[in-house]
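First to last, the protein sequences are chains A and B. Residue 1 is where the first sequence starts when you use my numbering, and the numbers rise one by one after that. Residue 1 is where the second sequence starts when you use my numbering, and the numbers rise one by one after that.
A few of these clues could be false.
Because identical chains cannot be distinguished in the list, a pair is counted as satisfied if it fits within a single copy or across any two copies.
[As the list claims (entries may be wrong)] Computed list of lysine to any residue pairs in SDA-like fashion (alpha-carbon distance at most 25 Å, straight line): (1) K60 - P30; (2) K115 - S57; (3) K148 - Q290; (4) K339 - E213; (5) K275 - N143; (6) K119 - G70; (7) K173 - M52; (8) K306 - Y62; (9) K89 - Q209; (10) K229 - P260; (11) K148 - S289; (12) K275 - Y103; (13) K113 - G96.
Worth flagging that the hints you see were computed from the coordinates, not collected in a lab.
The chain contents come next:
2 protein chains.
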Amino acid sequence: MSEIITRQVVLASRPQGEPTDDNFRIVESPLPACGDGEVLVRTIYLSLDPYMRGRMSAAKSYAEPVPIGGVMEGGAVSEVLDSRHEGFKKGDFVVGSTGWQTYALAKGAYLSKIKIDSKIAPLSTAVGVLGMPGMTAYTGLLNIGQPKECETVVVAAASGAVGAIVGQIAKIKGARVVGIAGGKEKCDFVVNELGFDACLDHREDYLAQRLAEACPKGIDVYFENVGGKVAEAVYPLLNNFARVPVCGLIANYNDSAPPPGPNMAPALMRSILTKRLTLRGFIVSDFASQRDDFLKDVTNWISEGKIKYREDIVDGLDNAPRAFQGLLRGENFGKLVVKVADAN
Amino acid sequence: MSEIITRQVVLASRPQGEPTDDNFRIVESPLPACGDGEVLVRTIYLSLDPYMRGRMSAAKSYAEPVPIGGVMEGGAVSEVLDSRHEGFKKGDFVVGSTGWQTYALAKGAYLSKIKIDSKIAPLSTAVGVLGMPGMTAYTGLLNIGQPKECETVVVAAASGAVGAIVGQIAKIKGARVVGIAGGKEKCDFVVNELGFDACLDHREDYLAQRLAEACPKGIDVYFENVGGKVAEAVYPLLNNFARVPVCGLIANYNDSAPPPGPNMAPALMRSILTKRLTLRGFIVSDFASQRDDFLKDVTNWISEGKIKYREDIVDGLDNAPRAFQGLLRGENFGKLVVKVADAN
Numbered sequence: 001m002s003e004i005i006t007r008q009v010v011l012a013s014r015p016q017g018e019p020t021d022d023n024f025r026i027v028e029s030p031l032p033a034c035g036d037g038e039v040l041v042r043t044i045y046l047s048l049d050p051y052m053r054g055r056m057s058a059a060k061s062y063a064e065p066v067p068i069g070g071v072m073e074g075g076a077v078s079e080v081l082d083s084r085h086e087g088f089k090k091g092d093f094v095v096g097s098t099g100w101q102t103y104a105l106a107k108g109a110y111l112s113k114i115k116i117d118s119k120i121a122p123l124s125t126a127v128g129v130l131g132m133p134g135m136t137a138y139t140g141l142l143n144i145g146q147p148k149e150c151e152t153v154v155v156a157a158a159s160g161a162v163g164a165i166v167g168q169i170a171k172i173k174g175a176r177v178v179g180i181a182g183g184k185e186k187c188d189f190v191v192n193e194l195g196f197d198a199c200l201d202h203r204e205d206y207l208a209q210r211l212a213e214a215c216p217k218g219i220d221v222y223f224e225n226v227g228g229k230v231a232e233a234v235y236p237l238l239n240n241f242a243r244v245p246v247c248g249l250i251a252n253y254n255d256s257a258p259p260p261g262p263n264m265a266p267a268l269m270r271s272i273l274t275k276r277l278t279l280r281g282f283i284v285s286d287f288a289s290q291r292d293d294f295l296k297d298v299t300n301w302i303s304e305g306k307i308k309y310r311e312d313i314v315d316g317l318d319n320a321p322r323a324f325q326g327l328l329r330g331e332n333f334g335k336l337v338v339k340v341a342d343a344n
Numbered sequence: 001m002s003e004i005i006t007r008q009v010v011l012a013s014r015p016q017g018e019p020t021d022d023n024f025r026i027v028e029s030p031l032p033a034c035g036d037g038e039v040l041v042r043t044i045y046l047s048l049d050p051y052m053r054g055r056m057s058a059a060k061s062y063a064e065p066v067p068i069g070g071v072m073e074g075g076a077v078s079e080v081l082d083s084r085h086e087g088f089k090k091g092d093f094v095v096g097s098t099g100w101q102t103y104a105l106a107k108g109a110y111l112s113k114i115k116i117d118s119k120i121a122p123l124s125t126a127v128g129v130l131g132m133p134g135m136t137a138y139t140g141l142l143n144i145g146q147p148k149e150c151e152t153v154v155v156a157a158a159s160g161a162v163g164a165i166v167g168q169i170a171k172i173k174g175a176r177v178v179g180i181a182g183g184k185e186k187c188d189f190v191v192n193e194l195g196f197d198a199c200l201d202h203r204e205d206y207l208a209q210r211l212a213e214a215c216p217k218g219i220d221v222y223f224e225n226v227g228g229k230v231a232e233a234v235y236p237l238l239n240n241f242a243r244v245p246v247c248g249l250i251a252n253y254n255d256s257a258p259p260p261g262p263n264m265a266p267a268l269m270r271s272i273l274t275k276r277l278t279l280r281g282f283i284v285s286d287f288a289s290q291r292d293d294f295l296k297d298v299t300n301w302i303s304e305g306k307i308k309y310r311e312d313i314v315d316g317l318d319n320a321p322r323a324f325q326g327l328l329r330g331e332n333f334g335k336l337v338v339k340v341a342d343a344n
């Protein structure tokens with residue numbers, strides 16, 4: 001096999017606040033030959049997700065930051081070109097954290113073969129509803145949120161990769177589901193296509209008041225993936241014993257210092273105490289053992305028409321930095337995926 | 001039976017910040033005769049607990065506030081003088097929320113007969129280690145904290161009614177236990193008598209640094225009953241997947257408005273997310289069904305010498321307001337109880 005040149009988006013500098021074009025750089029470099037246990041892959045779909053903002057900062061999170069000059073981290077659907085790992089052979093489609101690049105050399109141990117029935121869902125869903133975002137929604141909602149029939153579930157970023165699935169699973173479990181999203185078009189989609197009971201536009205005024213009207217019995221589960229002003233509207237409406245799976249805080253990802261006062265942390269702790277709330281942070285890998293259950297259930301729900309999904313597909317790796325900046329501003333509509341190459 | 005005059009501590013006015021003498025008033029009033037289902041009791045030991053500060057404020061908590069002019073709320077050990085409830089007879093000792101007064105007329109349904117073996121523990125422990133504070137420690141630690149062998153448990157107010165029991169149960173479960181208390185005398189007691197591995201004086205400087213040294217493997221369970229500066233020292237040391245039973249926030253009970261900034265609520269949410277913490281508020285009645293297990297286990301541990309307790313007994317109902325003010329400043333040493341009358 002002739003030498004492979006991979007085109008990569010690397011981290012040029014750490015953002016101060018919102019990422020800009022200057023924080024990214026595109027480079028090309030040759031890949032070495034496949035070593036023992038390694039797999040050479042060609043990227044087809046790259047997933048863009050809010051957590052990547054955390055990797056761009058030097059602060060320790062649940063994972064190490066991307067080093068300056070390092071390839072941006074990201075999950076992708078790829079095709080195997082060469083394999084020196086017994087689990088994979090040329091032509092397999094795999095998913096793994098292979099980064100923002102056109103080709104990658106990956107340890108086979110960190111890849112998974114994609115087993116999606118193409119009659120049910122396309123390959124790209126391996127980084128969407130049938131991948132990390134879908135499993136995040138499934139595990140966080142069912143393990144921590146634990147919605148019961150007739151309870152009220154609120155989910156922000158309701159048309160997004162995770163929120164859309166959270167709300168639909170909560171509906172399947174018999175809950176009343178209220179979404180929050182940015183703009184009328186997204187809200188209409190959430191209600192008319194995804195079947196939420198209501199969806200509020202956070203760009204309009206009086207969110208707290210509209211949310212109170214949409215949740216006349218209070219809120220039993222708040223799937224937290226945004227923080228900020230949406231969270232401020234939600235907390236006063238939480239019922240006793242409400243559960244808050246803490247999945248993301250996109251509103252704060254660009255903060256470089258704590259915001260000005262007053263300090264609301266004591267009030268938050270007081271509401272945890274007096275309402276006996278459960279707040280629990282998680283990431284999808286905490287529930288890795290539930291992967292088979294997730295795939296079986298969500299595949300069934302898709303084929304039964306109970307779960308719908310929307311993808312926002314951007315063409316070409318070079319457009320990934322701009323698309324990612326838009327994601328942090330809520331400009332995507334559905335699961336954001338970069339199509340890096342054709343499948344065949 | 002001749003007319004009974006009960007002497008009562010009533011709420012004269014709502015405190016602004018720390019309660020003062022002026023917020024309380026002592027009155028006497030005649031009790032009506034025992035009605036159907038009611039029990040007339042003579043108070044022996046009145047329990048004073050931090051949660052009572054919440055009842056003095058107008059703000060809604062998990063219970064209604066005491067009305068102005070109403071009898072201060074509180075649990076007590078009492079002797080039955082007359083009963084028109086089939087569960088109780090003259091001479092029984094009972095525990096119930098009968099308030100800050102020398103006599104009370106109570107619904108039998110809200111009283112429990114005390115079944116403490118006097119060879120194991122005195123009657124007063126029915127509002128202490130074998131009552132509400134002990135059960136708070138037991139249920140909060142075991143259901144939410146879930147300490148495992150060799151994990152590190154930190155408990156503040158470590159010589160207090162709840163903290164002392166939390167730490168000793170955590171030791172029984174095989175954890176390393178670090179207490180935090182106010183003053184050298186309390187710290188010595190916590191280590192030498194209660195058997196904690198270490199105890200730090202929060203009045204000394206460099207609490208955060210000393211806590212880090214005392215917890216070289218980080219903190220897996222933080223039993224939150226104080227908030228404030230102690231909590232600020234604890235949070236940076238919490239390990240991934242740490243559990244925080246939120247039982248009380250005495251440092252904030254006198255606050256009348258959120259403290260000045262910066263606003264640390266987003267940073268708190270971020271640590272919940274990235275460390276996958278569980279914060280869960282509770283009150284003892286949430287676990288009412290575990291009462292028999294609690295009584296059996298803790299009685300056994302006391303008789304085996306594995307749980308010790310210290311009571312701080314104040315004489316006379318009229319001294320209750322001053323003793324309660326001292327409790328909020330950490331001046332008590334052990335479970336604070338007011339001896340209202342002799343048992344016989």
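Quiz item: So which of the earlier hints does this model not fit?
Solution: The structure conflicts with hints 1, 2, 4, 6, 7, 8, 9 and 12, although it agrees with all the remaining ones.
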